[in-house]
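Since the structure of chain A is already known, use the hints to place chain B on it.
Here are the chains, one letter per residue:
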Amino acid sequence: METWIQRLFLSAALLTLTGISSGVYAQDETASEDDELEQIIAPDIKRRTIKEDDLDSENFEAGIFFGLLSIEDFGTNPVIGITFAYHITEDFFVEAAYGTSETEKTSYELLSGGVELLTDDERDLAYYNISLGYNFLPGQIYFSDKLTFNTNFYVMAGAGNTDFAAKDYFTTNFGAGLRVYGTDWLALDLSMRAHSFKHELFGESKSITNLESRLGLSLFF
Amino acid sequence: MIASQQGADRWLQQIAMTLLLLVPLSPVQAQWFGSDWFAEKEPLQVSVDDAFINVYSGPGRGYPIFYVVEREEVITLLNSRTEWIKIKTRRGLVGWIKRDDMQFTLALDGSKPEFPDSTQADYLVDRFEMGAAYGDFAGADSLNLNLGYRFTKNLSAELRYAENTGQFSDSQIIAGGILFQPFPEWRVSPFFGMGGGTIKTFPSSTLVQTEDREDSILQASLGAYAHLTGRLFLRVEYTNHYILTSRNTNEEVNEWKLGFNVFF
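If you're matching them up, the sequences are chains A and B in order. Just so you know, the first sequence maps onto residues 1 to 221 in the working numbering. Just so you know, the second sequence maps onto residues 1 to 264 in the working numbering.
This is chain B alone, in the form it adopts within the complex:
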C-alpha cells in the first residue's frame, strides 16, 4: 500500500515537473519576451501587386486553395510558419499564402516588403548553431549534442556533450572547442577543430574493474558542413580523442560522426 502511494506521489511529481517545464513555453509568454509588453501591435498590411495570390487552408502545399486575393486587395499578415504566412483579408477570411508570394505584394507606402531569400551566406556571422549527431566511439554508440556560436565567418566556439553507450562501459564527454572553417561560402565546407574536456567512464557492473573514472580528454577533429536547405546543415566529422588516463598509458579513440546542425 505504502509502496503504491509512493509510486503515485512520484507520478504527481513527474506531472508537476512536466507542467512546470511547459509553462514558460506558452505562446502568450513567448510574446511577453518581446520588447513591447501588452502593447497592441500595429497590423502588418500589404496590398496585392499581381493578378492574384492563392490562399491555402493550411501551411503546406498539399492543403487546398480555397480563396484568391486579387490585385490591390489589402491583406493583413498575422504570423509565419516555415515557408508560409498566415493572412487575414479585409472580409475577415483567414488563410495561408506562400512566403515566396510576398514578392507580389507592396507595403501600403508602395515599398517592397523585405523578405530576402535565406541563403547559406546568412548563417555565417553572429549565429548560434545547435546540432545532434550519431557517432561510433570505439564500438560504443555515441550520441552527440553541440551548441556553438560563430563569431566571425571562419571561427566558431562550441560546447559538446556526448553519451557513449557500449557493451562494456558507458561514458560521458563534456568538452569545449574551437572550429576553424577556411572556406565558409562553399556549399560543402571543410572545417577543423580542437578542443578539450573531461570524460567520465562507467564500466558495466558485470566486469571486474568496476571503478568509475574521470579523465581529461583532448580532441582534434576534421569534418565538413554541407548546406541542405534554409538553416539546416549536414555535418560529418572525424574526431581523434586522446584520453589522458591516470594509468600508465593514454588511450586514443577515433570516432566518425554524422549529424545535422540548425543555425539561428
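The shape of chain A in the complex, shown without the other chains:
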C-alpha cells in the first residue's frame, strides 16, 4: 500500500515537472530557463516513452577460429573456419559452424612408396554442422587489480556433414569450451570438438572420431 502511494506521488511529481499538457511542453523550452524550481530538480527530463524495440539487442555472434584437427589415419593438420550463433536464452544457444582442413598421407602410403589412396583434391576436408549449446559455470578471471573478464563454459552437441575423399559423411559432433569476454561484444573462445563419422575408405566400415582443438574470436551484434 505504502509503495503504491509512493509510486503514485512519484508519477504525479514527474508528470508535473515535465509539464502535463503538450501545450505547456511546447513553451517549456523557453520558459524553463526562468523556472528556477524545474532547473534544480529535474534539469534534463524529457517526455519519452521507452519501448523494448528502442534497445539494441545483441543476441547474434559471428566468429572465426583456427586450430588443429586430428583426422584418424590422415594426420593432424591446421583447421580454419567460421561460426555463427544465436543466443536464445542465457543458457541455450544454437551455433552453425563451417571449417576446412587438408589431410596428410596415411602411414601406409608413406611406407609403401608409390601408393596413393586419394588424389590431392580428395585430401581436402570441409565440414559444417549445427549444434545446440548450453552455457554453464559463469565466472570471472581477475587479470589485474583493475581488469576482470567475464567467462563461461559451454557444452554442445549437434550434427552435420563432412566432405572428405569425394564423399559426404553424416557427422555427429560434441564439444566443450571456455568463452572469455574481453568486452561485452568481443569473446575469445578456447574449445575442443569431437567429430564422429563412419567411412569405408580402407574397405571395411570404420567409425572414427576426430578431435579438434581451437582458438576463436567472435563478435556479438
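Hints are computed from structural coordinates only; laboratory data are not their basis. These numbers come from a predicted model, not from an experiment. Hints may be right or wrong, so weigh each one.
Claimed, not checked - Derived lysine-lysine pairs resembling DSSO-like cross-links, with alpha carbons at most 27 Å apart:
no. : chain 1 : residue 1 : chain 2 : residue 2
1   : B       : Lys88     : B       : Lys98
2   : A       : Lys198    : A       : Lys105
3   : A       : Lys167    : A       : Lys146
4   : A       : Lys146    : B       : Lys98
5   : B       : Lys112    : A       : Lys51
6   : B       : Lys98     : A       : Lys51
7   : A       : Lys198    : B       : Lys200
8   : A       : Lys206    : A       : Lys167
9   : B       : Lys112    : B       : Lys98
10  : A       : Lys105    : A       : Lys206
11  : A       : Lys51     : B       : Lys153
12  : B       : Lys88     : A       : Lys146
13  : B       : Lys112    : B       : Lys88
14  : A       : Lys167    : A       : Lys105
15  : A       : Lys167    : B       : Lys200
16  : A       : Lys51     : B       : Lys88
To be verified - Reference listing, derived: stretches of chain A covered by chain B, where coverage requires no fewer than 3 residues with Cβ under 8 Å from a Cβ of chain B:
no. : region
17  : 85–96
18  : 105–119
19  : 145–159
20  : 187–195
21  : 208–214
Beta carbons are placed, not taken as given, at the ideal position from N, Cα and C, and that holds for glycine.
The following block gives chain B in isolation, referenced to the frame of chain A:
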C-alpha cells in the same frame, strides 16, 4: 615445392574468404543498417521505481551482484542480451540487470517502459522462422534446414533444404511448401503441409549404377510445433516423399524428423 605453394595459396584464399564473410557482421556495420546513420542516439533513461534493483557483473544469473541501484536513481539502458539489459549508472558504473526488473522502473516522463513478456502468441503473424532438424530418410541420415514466413496465423510458406547421407547413396532435396496450422494458439500445435521440389541423388562410386540422377519430388507432411521458451519451438514431423523417377516405378520414402525452429 609447387604443390606446397599451391597449398599455401589455397590457405590464403580460405582466410580471405572467411574474413570477407565476417566483414558485414561487425557491430559497427550492424548499426549502420539502422535508420539513423552516424546520428548519436538519444540515451534511453529510466528511474528505479522499487526499493532497489540488483546489478550483476555479467548477463547471467550466476554472475555476482556487485551493486544495487536505489529508488529514484536514473539509469541509462545500453543494450540487451537474451533476458539481460546492460545499464550505466549516473556515476558511470556499468552492469547488467534482469529484463524482468524493467517492471520496477519508470521512464522519465512517468510512463511504464514497454517490455511485454514474449508469449507464443507473439510469433503467430508476420514472422520469419528458421529451423534445423535431423531425420531418418530411408536409412540415410538426413539433415534438414528450413526457412519460413508466416503470413497469417494459420498459414506459412517455407523453403526446405535437406542433405541425406546414406550407405549406398547421398541425396540433396530442395523444395518449397505450404504449412497449415489449424490451432496455432495451442502449446503443442499440429500442422500439415504440402510441397514439391527436386531431389538429386549421387550413388556411391563403389556401386554398379553410378549415374547421378535428378528427379522431381512431392512431399506431404504431418507434424507439430511445441513451444519451448521465448522464440524457440520444437518441431516434430512425419513426411511422405513421393519421388517421380524417370524409371518405370516411382519411389516412396517416409521420413521422421525432429528439430527446432526459432522465430524472428
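For the region 208–214 of chain A, do three or more residues have a beta carbon lying closer than 8 Å to a beta carbon of chain B?
-> Result for this restraint: violated, n = 0.
Outcome, coverage of the region 85–96 of chain A by chain B - at least 3 residues whose beta-carbon is closer than 8 Å to one in that chain | Our answer is that it holds, as 7 residues pass the Cβ test (under 8 Å) against chain B, meeting three.
Holds or violated: Lys198 of chain A to Lys200 of chain B, with C-alpha atoms at most 27 Å apart = Holds - the C-alpha atoms of Lys200 of chain B and Lys198 of chain A are around 22 Å apart, at most 27 Å.
Given the hint that Lys88 of chain B pairs with Lys98 of chain B, does the C-alpha gap stay at or below 27 Å?
-> Within the cut-off at roughly 14 Å; holds.
Straight-line alpha-carbon gap Lys112 of chain B to Lys88 of chain B, limit 27 Å = Holds: Lys112 of chain B and Lys88 of chain B sit about 19 Å apart, inside 27 Å.
Is the hinted pair Lys167 of chain A and Lys105 of chain A satisfied, with a Cα-Cα distance of at most 27 Å?
-> holds (18 Å)
Are the Cα atoms of Lys112 of chain B and Lys51 of chain A separated by 27 Å or less?
-> holds (9 Å)
Agreement of Lys51 of chain A and Lys88 of chain B with the hint, judged by alpha carbon distance not exceeding 27 Å = Given pair Lys51 of chain A, Lys88 of chain B holds - Cα atoms ~18 Å apart, limit 27 Å.
27 Å Cα cutoff - pair Lys88 of chain B, Lys146 of chain A | holds (18 Å)
Is the hinted pair Lys167 of chain A and Lys200 of chain B satisfied, with a Cα-Cα distance of at most 27 Å?
-> Judged against 27 Å, a Cα distance of about 14 Å means the pair holds.
Test coverage of the region 105–119 of chain A by chain B using CB-CB distances below 8 Å; three residues minimum.
-> violated (count 0)
Taking 27 Å as the top limit, are the C-alpha atoms of Lys105 of chain A and Lys206 of chain A close enough?
-> The hint holds at about 18 Å.
Violated hints for the displayed structure, listed by number in ascending order: 3, 18, 20 and 21.
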